[in-house]
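S.K.: As a plain string of letters, each chain reads:
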Amino acid sequence: MVPDRHKVLIANRGEIAMRVMRACRELDLDFVAVCTEADRESGHIRLARELAGDGAVYRIVSYLDANELFAVADAAGATAVHPGYGFFAEDFRFARRVVRRDRPMEFIGPSWWVIRDLGDKINTKRIARSLGVPTVPGSDRPVYSELEAEEIAANLFDFQAAQGIVDGVVMVKASAGGGGMGIEEVGSFEAFRSVFRRIRNYAKRNFGDEGVLIEQRIFDFNHLEVQVVAERGGKAQVHFGTRNCSIQSTGKQKRLEVAPGFAPDVIPYTFDASGVLDAITRHSLAMAKEAGYDNVGTWEWIVTPRGEPFLMEVNTRIQVENGVSAVISRVHDRPVDIVSEQIRLALGGRLGYSQDDIRFEGVGIEYRIVAENTDNRFTPCTGTITRFAWRPHDWLTVHTQVPQDRAYEIPMEYDPNLALALVWGRDLAEVRERGLRFLDELVLEGESGGRSEAFYSNVKYLRDQTGGILEF
Amino acid sequence: MLNIKELLDEVKASPYREIVVAAPHTGVVEFAGLKPGDQVHGRRGEFKEKPGTLLAHLTRERNRKPITAPEKGEVESVRTELEGQFVEAGEPLATIRHFLTRKEVIERILQEALFLFRAPERAKYYFVPEVDQKLKVSGKRSVKVSEGMELMIVSRMKRETPLAYSGPEGIIHSVYFGRGDNVDEGAPLIGVCPEDQLTVIQDVVARIQSEWEEA
Amino acid sequence: MDLERRLRDLKDRMTYIRDIFGTREDDSIRLLEARLGEALEREARTPGSVSAEELARLDDLFSFSERKLDTMLTPMDRVRIVRHPQRICLKDILENVYDNYTEIGGRGEFNIDPSMCIARAYFSRRVGEKVVRQMIMVIGHEKGHGEAYRNGGSAKPWGNAKALHYMKVAETENIPVHTFIFTPGAYPVEDWPGAAQQIARNLYEMAALRVPVISVCSEGGSGGAEAIGLADRRIMLSHGYYSVISPEGAAAIEGGLRGGERATPELIARCATRLRITADDNLQNGYVDRVLREPPLGARPHHYEFFRELRRELIQATNEAVSEVKSMKLFRAMAVRASRTDEAESIFMRWNLSPSALNRLVELRQRKYRAMSRHARLDGTGLFSRAAAGARGTVDAVHSYLRYDLLGRQKKRLDAMFEELGAEAHLVRHKLLMPLKRSMDKVLVSGPEGRRGVDPHEELTRLSCPEDGACLSGSQWAWISPRSQEDRTVSCPNVRTHHCPDLWVPDLLGDFAGVCPNCGHHFPMEYRWYLENVFNYRESREFNRDLESINPLNYEQFDLKLDKAKEATGLKSACLTFETTIESVEAVVAVLCAPFRGGSVGAAEGEKFIRAAERAGRKRQPFIAYVHGTAGIRIQEGVNGVIQMPRCTIAVRRYIDAGGLYLVLYDTNSYAGPVASFLGCSPYQFAVRSSNIGFAGPGVIAETTGLPVPPNYHRADHALSRGHIHGIWDRREAKKNLHQALLTMGGRNLYYR
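Protein chains in written order, with my numbering: chain A, 1 to 472; chain B, 1 to 215; chain C, 1 to 753.
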């Protein structure tokens with residue numbers, strides 16, 4: 001399927017790096033992995049050594065230094081770069097540099113101009129509007145002028161009121177801030193101005209840039225996604241169904257995803273759920289076509305309690321939760337792996353099937369197992385994993401960089417994600433039952449600061465959430 | 001009471017510190033022709049504007065960057081076998097034997113005399129903006145700390161949480177971490193000098209000033 | 001005993017000659033030395049053996065030889081003369097030329113700046129029966145015969161500020177100012193009020209100082225001289241020099257020396273000759289009005305006859321300046337014009353002037369400078385186009401007059417009325433309609449964006465072109481540097497303090513406009529970038545393109561260098577002037593381009609700048625000076641360059657006085673003369689981040705002051721904290737900020753619109 005013999009530089013770590021390595025093996029491609037000092041014992045490095053030998057691993061100073069990646073690419077003779085997710089995945093300059101160097105390589109992801117244009121929220125919304133696709137209000141870019149800010153805030157409050165949300169809340173945050181500093185919530189338009197000024201002054205004092213973002217706080221909305229897959233050249237686009245990612249931690253981090261996005265036959269919704277799923281897939285594909293989208297990507301939507309979908313943004317990369325869409329998808333009645341598809345298509349492979357050849361079967365759940373204290377604002381937990389084991393089933397896949405045969409220290413530079421578990425069932429009832437079974441059988445022990453009771457994980461939280469999935 | 005003499009003797013027994021100069025990032029290395037036994041120096045000049053002795057060049061993505069000696073000392077070894085090779089980040093390139101300066105000795109011995117506020121966990125640490133400002137503007141000794149005072153921000157896993165000081169009241173005498181450094185659990189963050197002990201500390205400094213000969 | 005004293009005198013004269021001629025050998029000197037040596041030896045062996053006649057003969061021989069040697073003086077010898085501790089200094093002049101004086105603010109070392117001396121003095125004049133005292137403000141450098149704390153007459157910024165203060169006092173008191181220039185150059189420190197900026201302020205004020213100013217120049221070292229040198233009459237002492245730079249400085253630049261290296265005496269002497277710094281050179285070029293002859297080998301304190309000459313000369317010059325503008329007293333005015341200096345004492349006229357006479361005085365002074373240095377540039381514009389341009393200028397001026405002065409005033413009144421009415425109406429509408437609008441919006445809400453109307457940039461909604469080359473400028477910039485095509489990385493200079501990652505050149509010079517995204521450091525950028533991205537150059541109208549830099553002094557090898565610069569840049573001088581529109585605001589822009597001889601200013605650049613300021617004035621448009629970089633005054637043009645400092649400052653002053661908005665934007669490196677004059681005098685000076693602004697480079701400061709210069713001493717942020725500039729702009733926001741500045745500083749009372 002792939003014309004040339006390629007060598008892929010995997011510019012990422014952890015679970016996604018491992019999945020890309022396996023996909024490369026599947027496609028019979030060579031690969032090179034990188035690791036930092038903190039990651040030397042990480043699962044992805046061990047897998048890389050196992051699959052490709054010691055020579056395929058290069059030590060670099062940081063995953064966030066593009067120069068390191070390119071230096072390694074040259075030294076190793078890589079011909080393609082897979083950015084994974086996070087890091088450089090949505091950095092159009094990185095993607096551009098990959099193809100514009102004196103020794104160009106293939107970028108495994110959408111073309112750089114697609115990343116640039118759809119990475120810009122304002123531009124995305126313009127395209128959406130030109131196709132009659134409804135979009136979410138919000139500042140999209142740092143706001144500096146008070147007049148503009150008030151207009152946006154008024155828009156947001158009106159929007160929430162129109163969607164039947166009684167106590168609408170708007171978030172005002174310093175665009176240069178982070179880590180929970182310089183964020184305030186406003187409950188009414190009257191209070192907005194003073195909060196805006198306060199945040200702006202705070203931002204100016206602390207970050208030197210007084211840009212402020214104004215967004216809505218999503219309480220009662222459902223968060224749905226459409227998985228789009230397209231071939232190079234932007235000619236053929238298909239979707240691999242919808243996902244529901246409404247269960248999130250406080251920091252807007254997804255913790256549990258379900259595919260498909262709703263279960264219209266099982267759960268009584270107050271609106272036409274299958275109509276919503278149909279609308280968002282239709283809109284997403286139309287936009288992908290319009291934009292000449294040419295790799296995998298995700299269209300993110302919110303669905304309001306009234307059952308109206310609004311486009312939030314487009315993620316021009318592979319996502320963590322791609323697996324949950326894959327488990328319910330069949331192409332020509334065969335299972336599909338979206339990561340392999342991404343690599344194959346990026347390297348010039350033809351799609352080879354149309355939307356009609358794709359069928360969806362059953363329900364999938366993805367659990368993200370994270371070392372964090374769910375009772376205390378999802379605070380991450382440092383420490384060592386002493387035991388991590390589960391019982392294998394044919395309906396279960398676990399992706400993890402945590403080794404099963406020895407203790408593993410959670411590296412502190414990155415998200416404390418430990419594993420992704422994909423559970424499949426024929427219907428909602430079965431997948432719930434299987435999900436709970438997996439979580440019950442899971443053994444996860446660790447210690448923090450030398451004490452096992454100080455170690456936290458979100459397993460109990462996931463179990464509690466399983467009962468209510470797909471309900472609105 | 002501190003036995004300064006004993007501590008000093010201990011330091012005098014091994015007055016060297018070994019500095020391993022490692023590749024700060026990947027790249028192709030070219031050494032500057034230094035041999036074991038050569039003398040090198042660190043940054044110099046009234047404003048520290050002159051860089052230290054050139055040890056090697058590291059070229060990455062057509063950017064040829066000098067690697068200079070961080071401190072004064074004597075070259076102990078150079079990995080000349082790497083000449084012209086691509087090296088990975090963190091690869092040791094040379095080692096320098098550094099004779100401790102008076103200031104370093106003072107810092108080392110003061111660690112025994114000061115109250116050390118230690119890192120509760122492995123993370124990056126920052127001073128809260130107000131303290132940071134004050135440290136920058138008025139110098140270290142200008143900040144007074146007391147029990148429960150919100151002093152630092154702990155940054156790990158992309159999250160930042162405040163950290164309150166606990167220990168005796170006093171002024172910040174020494175800071176042991178740099179911006180953006182990962183600090184191990186239990187490593188000292190700051191040295192605090194209770195105000196009633198200030199004279200003792202000054203005495204220690206004076207003693208070392210007079211007794212330690214710099215090479 | 002008298003004999004002994006006369007012998008000692010001769011010995012001193014011999015030492016002086018030796019000092020002046022340095023190591024040079026000459027028959028006359030050898031002869032003098034031999035004769036004097038013999039006499040001294042004889043006297044030492046048997047005291048009293050040298051007779052008075054013998055001594056008189058020896059004295060005559062000395063006088064004769066001194067006259068002969070005087071004709072052989074090289075420019076470098078003159079430099080040694082003016083720097084000699086025996087050279088007359090300001091105190092000698094105050095003692096011997098004026099009839100009485102009081103020094104203001106300073107007693108030896110106890111002085112804000114001992115190298116700048118201020119005194120009130122008077123001339124006593126007999127008019128018929130009465131004795132009249134004519135008051136004068138005397139301002140000048142004091143070398144103090146080599147007293148160390150006088151700093152050799154190198155005035156500090158606060159010394160120049162003091163000078164300015166007392167010029168203003170003289171203005172209030174309506175008495176003439178006499179300035180005396182005895183300086184090797186200004187003391188190059190940046191502390192407030194700043195070497196460059198204070199000189200600029202002085203020039204700006206002197207450009208329209210409403211009292212007669214007479215300057216006397218003995219040692220005129222560049223910027224330091226200009227600080228008190230802009231005058232109605234400029235007298236130069238025959239053994240003085242007036243130069244763009246010290247010969248040593250020129251030699252250091254010529255030889256490409258750095259750090260502690262010294263130029264050879266030969267090179268220094270050659271530079272002194274080439275720079276054409278002598279009094280006669282300057283008279284010939286028209287930069288001084290008169291040369292006052294000194295005794296052979298230069299005036300020293302015992303030359304009483306010389307002081308009388310100087311007194312006559314000063315009275316004559318002041319009389320001339322005054323009579324030229326006095327409306328009455330025609331007879332005496334004619335007499336003054338016809339008279340020679342030696343009759344000056346006999347003509348008396350009052351030196352205080354009426355307001356209208358002062359207006360004429362200033363106008364004449366400004367015109368006098370406007371006419372200078374014509375020979376030092378080449379105007380390639382054809383005769384016909386020049387005439388056409390002249391005619392167009394007149395039309396513009398008439399048009400502006402009609403539009404702004406005659407009709408404009410009425411219109412302004414009307415406009416103001418309408419504005420008031422409009423505001424009133426707006427308030428009513430807002431109060432009445434807003435609640436209505438709110439509720440309507442709520443009812444009619446469809447999409448959240450529905451309210452905003454059609455976006456005028458709808459065409460931008462399409463994705464940008466796929467990769468087809470033209471899309472390389474897919475960034476927001478109209479022009480990006482050709483350097484951005486190279487696949488390589490560079491390190492940010494702040495990496496040590498800010499941990500900036502290495503930057504890929506195409507990203508850095510393309511999207512980031514040469515700004516480190518991590519720390520905001522600005523890498524240098526071509527001036528084209530600003531032309532296209534800030535000044536809308538493509539749609540501008542350039543003028544005076546054919547005004548060309550030449551080599552007026554026939555400076556050795558400079559023709560070649562100049563041709564090279566012209567070829568490499570495609571420019572004819574370092575200054576580019578054009579009319580443009582910035583976000584619908586019309587403006588005149590002058591650019592100093594660093595690639596052309598370091599952006600140095602010579603006669604052509606100065607003239608272009610002046611014409612741009614005049615055009616902005618005629619068209620009543622804001623005037624923007626964008627300094628991409630300037631190394632200072634072009635030393636190879638000598639005084640032809642230096643004189644651009646007062647010339648351009650006067651042009652700027654005229655423009656501002658007429659109501660214009662003059663903005664300066666510094667970029668990369670801006671130093672020396674231009675900053676110390678027509679740039680530094682702007683009330684609105686901004687700098688692009690990471691640029692350097694100052695008077696002298698770190699090497700020169702270290703050498704002249706002996707103080708270590710911290711790194712980044714001249715950085716824009718330091719200049720801002722010192723108060724030299726008034727804001728720092730990010731390059732990426734230069735256009736936005738400029739437009740904002742035009743709106744906020746322009747407003748109604750200014751020219752544009």
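These are calculated hints, taken from the structure and not from any lab test.
Among the hints, erroneous ones may be present.
What the hints assert, rightly or not - Some chain B residues flagged as far from chain A (calculated, every beta-carbon gap over 12 Å):
id, residue
1, Gly42
2, Phe47
3, Asn63
4, Phe86
5, Ala123
6, Asn182
7, Val200
Unchecked claim - Pairs of lysine-lysine residues, derived as DSSO-like cross-links and limited to a Cα-Cα distance of at most 30 Å, are as follows:
id, chain 1, residue 1, chain 2, residue 2
8, A, Lys204, C, Lys735
9, A, Lys254, B, Lys124
10, B, Lys35, B, Lys50
11, B, Lys50, B, Lys103
12, A, Lys204, B, Lys124
13, A, Lys121, C, Lys736
All C-beta atoms in this analysis are idealised placements derived from N, C-alpha and C, irrespective of residue type, glycine included.
S.K.: Each hint should be assessed against the structure and marked as holding or not.
M.R.: Hint-by-hint comparison with the structure:
For Gly42 (chain B), the condition that its CB be more than 12 Å from all CB atoms of chain A holds, with the nearest at approximately 22 Å. Listed as outside the interface, Phe47 (chain B) is consistent with that label: its C-beta sits roughly 25 Å from the nearest C-beta of chain A, beyond the 12 Å cut-off. Chain A draws Asn63 (chain B) into its interface by the beta-carbon criterion, the shortest separation being 8 Å against a cut-off of 12 Å. Distance check for Phe86 (chain B) against chain A: the nearest CB is about 4 Å away, which does not clear 12 Å, and the non-interface claim fails.
With a cut of 12 Å on Cβ distances, Ala123 (chain B) falls inside the contact zone with chain A, its closest approach being about 6 Å. Listed as outside the interface, Asn182 (chain B) is inconsistent with that label: its C-beta sits roughly 7 Å from the nearest C-beta of chain A, within the 12 Å cut-off. Every CB of chain A is more than 12 Å from the CB of Val200 (chain B) (nearest about 34 Å), matching its label as outside the interface. The hinted pair formed by Lys204 (chain A) and Lys735 (chain C) meets the criterion: a straight-line CA distance of about 22 Å does not exceed 30 Å.
For the suggested pair Lys254 (chain A) and Lys124 (chain B), the alpha carbons sit about 25 Å apart, so the restraint of at most 30 Å is met. Under the criterion of a C-alpha separation no larger than 30 Å, the hint pairing Lys35 (chain B) with Lys50 (chain B) is consistent with the structure, at around 22 Å. For the hint linking Lys50 (chain B) to Lys103 (chain B), the alpha-carbon distance of about 20 Å falls within 30 Å, and the restraint holds. Simply put, Lys204 (chain A) and Lys124 (chain B) have alpha-carbon atoms about 24 Å apart, close enough for the 30 Å limit, and the pair holds.
Between Lys121 (chain A) and Lys736 (chain C) the alpha-carbon distance is near 23 Å, which keeps this suggested pair within the 30 Å criterion.
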